[in-house]
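**Student:** Residue numbers (this note's numbering), protein chains in the order written: chain A, 1 to 98; chain B, 99 to 461.
No lab work stands behind these hints: they were computed from the structure. If you're wondering where the values come from, they're calculated on a predicted model, not measured in any experiment. There is no bait here: all hints are sound.
Listed below are the simulated DSS-like cross-link pairs for lysine-lysine, each with C-alpha atoms no more than 27 Å apart in a straight line:
hint, chain 1, residue 1, chain 2, residue 2
1, A, K8, A, K22
2, B, K422, B, K371
3, B, K100, A, K22
4, B, K100, A, K8
5, A, K30, A, K8
6, A, K30, B, K100
Computed beta-carbon distance windows for the label pairs:
hint, chain 1, residue 1, chain 2, residue 2, range
7, B, D145, A, E17, 43 to 49 Å
8, A, E73, B, A206, 55 to 61 Å
9, A, E70, B, A206, 56 to 62 Å
10, B, A258, A, V42, 34 to 40 Å
11, A, V42, B, S196, 45 to 51 Å
By construction, the Cβ of each residue, glycine as well, lies at the ideal position given by its N, Cα and C atoms.
Each chain is listed here by its residues.
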Amino acid sequence: MCLGIPGKLVELRQQGELVMGKVEFGGILKEVCMAYLPEAEVGDYVLVHVGFAISRIDESEAAEIFEYVEQIEQMSGEADDEPPGLRTAETQAEGQGS
Amino acid sequence: MKYLSEYRQPEAVQRCAAAIHRRVTRPWNLMEICGGQTHTIMRFGLDAMLPAQVRMIHGPGCPVCVTPVEMLDKAIRIASFPEVIFCSYGDMLRVPGSERDLLAVKAAGGDVRVVYSPLDAVQLAERHPERQVVFFAIGFETTAPANAMAVLHAERLGLANFFCLVSHVLVPPAMQAVLSSPRNLVHGFLAAGHVCAVMGTRQYEPIVRQFHTPVVVTGFEPLDLLQGISMCLAQLEQGRAELEIQYRRVVRPEGNRVAQEQLQRVFTTVTRKWRGIGEIPASGWALSEAYARFDAEQRFDVGDVVADESPECLAGEVLQGHRKPLECAAFGTRCTPEHPLGAPMVSGEGACAAYYRYRRQSV
Chain A
1 MCLGIPGKLV ELRQQGELVM GKVEFGGILK EVCMAYLPEA EVGDYVLVHV
51 GFAISRIDES EAAEIFEYVE QIEQMSGEAD DEPPGLRTAE TQAEGQGS
Chain B
99 MKYLSEYRQP EAVQRCAAAI HRRVTRPWNL MEICGGQTHT IMRFGLDAML
149 PAQVRMIHGP GCPVCVTPVE MLDKAIRIAS FPEVIFCSYG DMLRVPGSER
199 DLLAVKAAGG DVRVVYSPLD AVQLAERHPE RQVVFFAIGF ETTAPANAMA
249 VLHAERLGLA NFFCLVSHVL VPPAMQAVLS SPRNLVHGFL AAGHVCAVMG
299 TRQYEPIVRQ FHTPVVVTGF EPLDLLQGIS MCLAQLEQGR AELEIQYRRV
349 VRPEGNRVAQ EQLQRVFTTV TRKWRGIGEI PASGWALSEA YARFDAEQRF
399 DVGDVVADES PECLAGEVLQ GHRKPLECAA FGTRCTPEHP LGAPMVSGEG
449 ACAAYYRYRR QSV
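Can you make the complete structure from the sequences, with help from the hints?
**Tutor:** Written out as structure tokens, the structure reads:
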């Protein structure tokens, strides 16, 4: 229900009282209300929930997670017990959510 | 897709899980608040990648699951009126009320429609001035801004035939309720990233301090979850209790201020009953007095609804993390997504649905 999907803002326009935008999700375009993200510009990646953009995705923070993995690996030393692998069944719609 | 697939890279996920294995020395119970996070954990098998000492307890963050049965019965009553077009997010249609669900109302000829956005419901009201359009405004803080905008937009358009049946719930009071319970097992929380994208993170500081419990605001992809788990475990192992943000690409400490201003205008804080859990003080939002004319409960006569829950359903125990779905005798037999006894089996965020979908082989 709190499903949030990241997409690229490709168009902004005033529609009556509302600022609306077109957001692209892996090739699919959706109408999105931009009223809560007045600072967003075309080209930005935004997080969309039930047809509303609620947050701008910060590109500079997006890669931080990979540095974190490097760091904790160094801090925790060498592997001795390997956990079971990641399940790869991909049958559900993209995006997760609250 | 950008900002999704890179956080699912098996190699990075594996490395993160391996590092967690090497750092954990004691047993810890972590609760992920959001049902979306529960589904990621089950779908990608993250629980099986964690050390045996780390137990994930699934939290109450499934709005469909915690919407009280009385509210659902009111929705069913309103949706049955011939003049009404009843609009809802798709998840709610199969959730059992006392006697039937919204899908049964639709099957019996009621005009029940699934909408993607609450603005679609406003548009229906604009197009059908002769009908009464009611939108089932459920959800946590993530969804509330969209529902608030629907009310504000209906006001601007001067619509007198648009109403909301509001049943909003709030995360921080639920976390306090979990930690205050004498049966509490939770040592640390993964807070719900999208809720915090709207509300910011400062509301969680008093919880961290009062209960000396780590809270890590976490995202929804496998790598997000594992990083959140790793950060939370690091705090626990070191005896720290702090508020940290794992999901920094989306969450700012101040949240979305524009949305917060409109939420304050449209809603007022109320005590809400949570399905399976009971009343939690100041745990929800209702329409404020200035917007009371959009309130479906005031427009339609539904005050006398008396609810009746399935006595067999353990939803309350599951939602509070006291029991796991597989501990329920009805799981997968008398309770399935097609014929659910309770909401967690139907909702896209329900813990029972996650176990049913991704662990079918063990039934």
